[in-house]
Every structure is written in C-alpha cells, then in structure tokens.
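J.: Here are the chains, one letter per residue:
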Amino acid sequence: MLKIAPILLLLLGFSSTVFAQKMNIGASQADFRFLVTGVKRIEGKYVPVGLNRYPASMDSLIGALKKQFAVELKKKPASDSMQLVLLERLSYCYAEHPSYKKLNYADSVLSYEYKKLPLARKMQERDIASRAYGSIWWQYQLAKKAIPVKVKLLNDWINEYNAWIKNEESELGRGSPYLTLANLYEGSNDEESAEKTVIKMLDEAITTQDKWMANDWLGHFYFRYEKKDKAIQYLKEVVANHPPITSYDPAAALANTAFLLAQLKIEKNELDEALALVPYLNIANKCNNCRGSLNSATTEDVEYRTNTLSAEVFLAKKEPTKALPFLKKIPKMINGESIHKTSNPQFENLWYQYYLQIQDYPQALFFLEKYLAVVDSTQKANKTMAARIRKNNIDVERNYEALLSKEKADRERLLQEQRFLTLEKQNEIEKIKAEADKKSLASRAEKAELQRKIETAKLQANAKKKKQEQDFKIFRLNEAMAAQRRTRSFLVLGLGLFGLFASLLFYQNRQKQKANALLKQQRDEINLQRDKAESTLHELKSTQAQLIQAEKLASLGELTAGIAHEIQNPLNFVNNFAEVSAEMLDELKEDLAKGETDEAHAIANDLKTNLQKITHHGQRASSIVKNMLEHSRQGRDAMHRVSTDINALADEYLRLAYHGLRAKDNTFNATMETHFDPDLPLVSVIPQDIGRVLLNLINNAFYAVHQRATTAGAPLVGAHDQPKGAHMGRPYQPTVTVSTQKIDNQILISVQDNGSGIPESIREKIFQPFFTTKPAGQGTGLGLSLSYDIIKAHGGELKVETKEGEGSTFTIQIPLS
Amino acid sequence: MKILVVDDEKDIQALFEQRFRKEIRSGEMEFAFAFSGEEALIFLEDSGQEAVLILSDINMPGISGLELLRRIKEKYKEPPPIVMMITAYGDNDNHQTAMHLGANDFLTKPLDFNFLKEQLKGYLHD
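Residue numbers (the numbering used here), protein chains in the order written: chain A, 8 to 824; chain B, -9 to 116.
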C-alpha cells in the first residue's frame, strides 16, 4: 500500500491544463475540481481537499460522463481524444467513489483503464498510456494481487515504455516502472532481481534523467546492504552527473544523496571530499522553481545537515575550534520535532567529542550521559525512523537491525570511554549525594522540631492540669485547717478564760484574716492557673480541629480541578441544548405558519427530548455541587451514617482524583482500572468520611505511579536503580486499580498501584500523624492517619500490603452489621 | 463527506445531530459517532477510512484522544483523514502535543458551534 506513493503522484500529475486544453463537455468546470484537487500534497503530506462534492455529485457526475460517452460514440467519426478524456474521468470517478469498496468498483476502474490503453497507444499518447498502467498497478496493489501478476504488469509497462522512449533522446525519461518493479522485488525479499532490474534500467537508459534515477536507486540500495564501496561509486555518479535541477523533488533527492555520500566519506576519513559536498545540501535554495516548496521545516533540515556535517568533519580532523561555530548553529528542532526523533543522536555525540577534544571533561561527561540516554531510548526513535524508511520502500528489518547493531557497538565503545571518566563522575555523584543528604537531614530536623513542639504543648497542658488538681487539693486542705483552727478557738473560749477572750478573739480574727488572705491569694492563683490550662487545652483542641479542617480543605483543593471538569461537561450540554432549542422554536413557528404540521410535530418532539436533556444535565451538575459541599461540611452532627453504594462512591472519587491531578499536571497520565463486585450490598457508612479515605488512598496511589513513571524515564545512568521490570521489555504502564468485594460479613475496598512500593524502613510510620514522604509543603502528613481513624470509627480496619519495586495495596475492611 | 465524532459523552450525538440538522438534511455533512477511542478505531477499520474528518475529545477513559490521533496518523496515510482535537483543558502542552502528532486543528470546550461549523465547511470546500 505504501509503495504506491510515486504512482499516486503520477496520477495527480494529470494536470488541470490537460483538461483546459482538450475538454469541453457539458458539466461545468466546477464539478470537476476534485479531479485536480482530490488529493493535495502539502509539505510532504497528502491532504484530501474538495471531497465534499463526492456524496452529492459523484453518481450524477458518472451519469453525465456516461451519457456524454454514448453521445461521442454515436458520432461519425468519434473523437479519440474525447473518448480518452472521458474514459480517464470515468475511471477516476469510480476509483474515488465513496462506495468504491462496498460496490466493488475496482472492476469498473480496471475495465476503463484497459479500454484506455489501446486508444492511447493508437493516439501515441504516451503520458496517458503510462497513467493507465499506473492506475492498473494501483488497483492491483489495492486488491493485493499476487506478485507474479504484478511483475508481469510492470514488465509490460517497461516494454511499452522502452518502445516509446527509443527515439526521444531529448525528452526527460520516466523510469518509474523499472523502479516500481525493483521496489516490488525488494519488498518481497528478492534483492537479486531488484538489483538486476535497476542495472538493466541503467543499461537501457537513454536519457540523463533515467541514468540519474537508476544510479541514485542503486547507491541507496548498496548502502542498505552495507556494500559501502559500491554505494559510494554510484552515489558519486549521482552527484557528479545530475540533470538540471528545476523542481523541488529532484533537489531534495540530490541533497539526500549528497548527505549520505558525505557520511560515507567521513567514515572513510576522506574529510575534504565530504566537506566539498556541503553546497549540495542547499541546492533547493539555488533553483528558482524550488523555492515555492521550501518551508521552515525544509530550511531547518538544510541547516541541520549543513552544520552537522561541517562539525563532524572538523571534529574528525581534530580541529574543535573550527567545529564550534557549526555546532552552535545546529538547530534542536526540525518542524517542531526534536532532532532525536528525526535523526541519530548525533547532536550530543558531537558536543561530547568537542568537549573531549578541548579537554573539558565535566562537560564531556554531561553530553556523554545525555548521548547514552538518547541512544538508550532510540528504540522508539528507530521505530519512527523505520516507518519513514518503509515509506521509501526500503527493507526495514535489515536496515533496522544494522542500525541497531551499529548503535550497540557505538554504545559499547562509549561505555568504555566512560570508564576513563569514572573519577570525575564519582566526585559529581558524591557531591549531589552529600547535598541530598543535607537536605533530607534538614527536612527531618524540621519535622522533628514540629513534633517536639506538639509534644511540649501536650506536656504543658498535662502539667497544668495536674497543677490545677494539686492546687485544688491545697485549697481544700487549707479550708479544713481553718475549720480546725476555728473549733480550737471555741474550745479555749469554753474554758472560761474570759479575760483572754478579747485578745484571743483578736488573735483569732487576725489568724482568720491571715488565713482568708492566704486563701484568697491561693484561690486567685488557682483560678489563674485553671484559666491558663483551660485556654491551652482549648488552643490545642482548636489547633487539632484546624489541622483536620486543613486536611479536609487540602483534599478539597485536590478535588477542585476535577470538580470543575466534571461540572463543565453538563453545563456545556445545558447551554448547547438550550441554544439549539431556541433555534428550533423559530423553525417550529415558520413551519406552523406554512401549515406544515408534520414537520412542526417532529420539531416539538425533539424539543421535548432537549428539555429532558437539559434537566438531566442540570441535575448532574447540581449533584456534583451537592457532593462537594458535603465533602467539606464541618461538625459531627452533619455526619450521619447512610446506606451507601460503595461502588458508585469509589467510581466518583476515582474520576475526581484523576481529573484533579490531570488538570494540575498535564504530564500526569495513568490507567485506571476498576473491579467492582456487582453484588455488593449497600453499606451503612458516613459517605463523606469514606469518600475522604478513598480520595486519600487514590491520590496516594496516583502519586506513587507518577513518581515511578518519572524515574522510569530517567537516563541510563540510573537504570540499575530502577524498579524491577521498568527497564526491560515492555515500557512501564502506570496503573491504579480500585476493587470492591464482599467476603463473609464484611466488605473490602482495595486501592492498588504498581508504583515503587513503600520501603521497609518507613512502613511502620505511614499511619502516624505528620508523617509524609512528599516534599515540604506538598503533604500535610495527616491523610493516612485521618483515614485510619475514620475506618476505626466505622469499626473497620485499614491495612497495607506492599512490595518494594512492585507497588502497594491499601485495603479497607468495613463490617456489614 | 463523513465526519466521525469521538467523545465519551453519549449525548454528544443528539447535540451534533441537532446542531447540524440542516447540513445533515441537505446531505452536505454526514456524521458517525464513537464513544471511545477503541470504538473509533474499530469504526475506521470497518468503514475502510470512509470518514475523512475526525473530531475527537482528548480526555476519555481508555485510549485517550491523543493516543487515538497518533494511531490514526500512523495507520491511515493515503490520504490521511483530517483530525480536529477537542479538549476541556486548553493548555499549551496538549496543544503542542496534538499539533506534533499531526492534528489539523485544536479546539477548546465549550465548543463554539458556529465557529466549528465554519471550520468544517472550510475543510469541506477547500
């Protein structure tokens, strides 16, 4: 299918001028626009244009053409040229018919082409006959005909072509049937026949153009099969004896060939010869007709090749200062794509060699590592390249293998060179490690400080409470003592020592006053202390409430973006259906005025459906808002247990969490899987609380897989540190799975991720308050601790199973009764 | 010309059929709908690339719109269908990615249907 590109172009070469000169049949020129513009080539891509005319007019067009054909045949004598043009158009109409496949129009196309062929021969219309062959070939390809059948057709085409070209030395040749045949052979793994076909073409070629095309094909062919000396021999011929360049395609082909030849010359260390090829890269700029086809992409490509080649040559000559200006000018993007996608990882390699030559080892190391990373990920790039190569009819697999083995060898060599640089590298790594240690030490110290503060506050509160109790005891003790004293005073009085009465009374009074003063002082002190203790306790309680609220708000914040996305969709529907309904009402009025009651009824029915849709999506939006409000609601009394569909709840929070993260960070991506037990009974829980737990666990799971995905894409140097399975074989696919299940008298909800797992050393701490592995400011460290408390309050359990490098599963168990 | 609309919201079908009812009635446009990337690929496979214009949402469960775009552009080349991407997140990265993958256009929700109609007609009459 892909090998047809040149033939398709040939068909399109059927230019509008041919029609303009030779045609004047009944249908208007506009109806035939598609014949000329059915497919347009824009910047190397085929773009369909004008296809809208097909469904409406294709059949009527065919009808008109057939009628015209019948009229023409009745004429005595019938015009051959008119017949030819009509046949050609009919064939094209059937080939491009929208129901081409369904109605098996291939046969119609072929029958018109076979009628065209003898007529074209008789008329000496070489172009039309050649197009007929091209068209038949295309139909054969579409029908996947057997190779011998195709070979026969192409040989017929070649013979016919040779019969015509014999006496026309001045004419530019069209060797395409030879090359099509060679490509067909090569595509069916018969390289020998492919080679023979093009060598025959070269022998039989009369025109410069044909010789040139044959040489070019052979040069590339030998290059593909690693026969480099032969490749150089033919490619040299291509550059030395090219026909005058008058259009873009040959200019581009010549530039390609020059670039390839230069690469081969560099390999052979014929550096000056390589440098002499640089001007050819820019050949399209020197031909006036080509400029129209030049765009930023092709200009960037020329720039890339010119500078890469020059830099390569000077580096090979060990002249880094001369290479530098070219290195600097190598563009990093071609047509918006990174050069790594379009070429070998030359860029880093060249910089690496440059720095090596000027003995700047740290920089050399930097680019070496980058280069290795790129080489490592070229498997993907190679696939893209293979796809490009396939497009050019090249035997992909072999070339790909060759490319791969060359890169492997390069890598081997580079790894060896890398060993020389180990010392610098280790120093660098040590430095980074030391810094990282320092940082983690600082954050650990911060956390410890926070915990210490809280502990101190708790201790203070306890101490104050104790002191308050003690003070109260003292107060009661003092009161008892005062009472004793009073009793003793009365005893003395009872002894009748009246003389002493006044003084005693005075004394007693003074004592009492003293005691009272002391008591008052003590009471004040106690009150003060109690107030202080109470306010501390209150402060602690409100801090705790604030922390819980902060965690709720944090999780709400995580939800907001998801909610916005979820709400936007129904709102769009409401707006759209409302708008379209208004338009339809106008139509309804018009229909009623015209008395078209059937139409009016139909519109009225549609309007009713629309109103239902508006209501439905309005409710959808308001239920999202309701859930959001419930999520952030405060206070115990707002929370009560209700029978809840856990599957729906889990699904809702999974979506919200995903969209929330997706909206915040667009590099985030993960597969969500759900395994919901369809027979799960309703469970009596506080849905907001369980929702919060789910959100927490799901967010953690996404965080874990995202972390791993980010490290999985890390450069080669860290490859051995990666989790098992991430670097070999399949690429890592971050996945979060939520499943529900009823077992005995309880339900299980599990949130599973294939992230990097929880290291043994912190497994015990994850449910502790304020424990977090996220960078400072990104996590409150309360999520899992609150989740744990919530599940406990439901009489259930929250458990974790984890394996380092494979992932974690958090399981919630909730009893049913 | 057939336009394939890919979106996980099923009501998108009713909406498009009403928004474009005049164009559908006159035969100017013909619509097909797929509710996931997978369905879209199956449709294209079955219909032999009958659709030449594809409108796809980016955020869908399963195959995302971007992945769908990549596969379409990889598989259908001669001639490649026109693919317009639609997203609720009009962020620059999505835009860049879609354009690199060969999207012909990039629209942001909420869709301006009048604008979309103009765009589609532009492609149709190009």
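To be clear, the hints were calculated from the coordinates, so they are not data collected in a lab.
Owing to the predicted nature of the structure, the values given are computational and were not obtained by experimental measurement.
Any given hint could turn out to be false.
[As the list claims (entries may be wrong)] Here are some chain A residues the structure puts well away from chain B; computed CB gaps all over 10 Å:
(1) 587
(2) 676
(3) 755
[Unchecked claim] Once the Cα atoms are required to be at most 25 Å apart in a straight line, the calculated DMTMM-like pairs of lysine to aspartate or glutamate come out as:
(4) A/109 to B/102
(5) A/339 to B/64
(6) A/109 to B/29
[What the hints assert, rightly or not] Part of the chain B face toward chain A, derived, beta carbon under 10 Å:
(7) 4
(8) 9
(9) 11
(10) 22
(11) 52
(12) 78
(13) 95
(14) 103
(15) 107
(16) 108
(17) 109
Just so it is clear, CB atoms sit at the ideal spot from N, CA and C, and this is done for glycine as well.
J.: Checking each numbered hint in turn, tell me which of them this model violates, lowest number first.
T.: 1, 2, 4, 10, 13, 15, 16, 17
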